[in-house]
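Protein chains: 2
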Amino acid sequence: MKAIVTVRLKPGVLDPQGVTISNALGSMGYSGVDEVRSGKIFELTLDNGDVAAVRAKAEEIADKLLANPVIETYTVEVQP
Amino acid sequence: MKAIVTVRLKPGVLDPQGVTISNALGSMGYSGVDEVRSGKIFELTLDNGDVAAVRAKAEEIADKLLANPVIETYTVEVQP
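From first to last, the protein sequence lines stand for chains A and B.
Letter by letter, the first sequence follows residues 1 to 80 of this note's numbering.
Letter by letter, the second sequence follows residues 1 to 80 of this note's numbering.
These aren't lab readings, by the way, just hints derived from the structure by calculation.
Please note that a few of the clues may not be correct.
In silico DSS-like links for lysine-lysine, alpha-carbon gap of 25 Å or less [stated by the list, open to error]:
(1) A/K64 x A/K10
(2) A/K10 x B/K2
(3) A/K2 x A/K40
(4) B/K10 x A/K10
(5) A/K2 x B/K40
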């Protein structure tokens with residue numbers, strides 16, 4: 001069973017990587033890109049169990065290890 | 001209009017970050033996590049246009065700047 005944890009910076013938190021990509025796109029001639037925000041994705045392969053238990057475990061892992069709750073938010077998607 | 005570009009390592013490519021997270025989970029007492037694979041996500045805010053054009057642009061940007069096609073694959077999701 002897979003749990004996909006997507007970690008994004010909270011709105012308003014500076015994203016230097018995103019700004020750098022945005023500037024690079026400008027100098028590569030791409031117009032019309034207003035903003036780039038970067039984030040991380042983690043694909044956890046977990047032992048099978050019921051979806052609710054897997055989701056709860058992935059959320060706990062995201063809280064404790066994968067995301068910094070001060071500046072980041074996360075979403076968890078469970079795939080059977 | 002938003003385009004979400006998700007960049008993942010190709011299967012078989014070593015993922016030291018994922019291995020480190022997996023080991024850390026082991027020492028934190030989490031059992032049942034078989035594998036962790038890490039990736040990146042980029043949220044591009046683009047000028048409005050038709051979905052196909054926005055998708056094509058995001059794919060071109062992913063190809064040229066966001067992903068390394070030798071070791072990574074990407075998916076593009078367009079949100080109106």
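- Hints violated by the structure (numbers, ascending): 4
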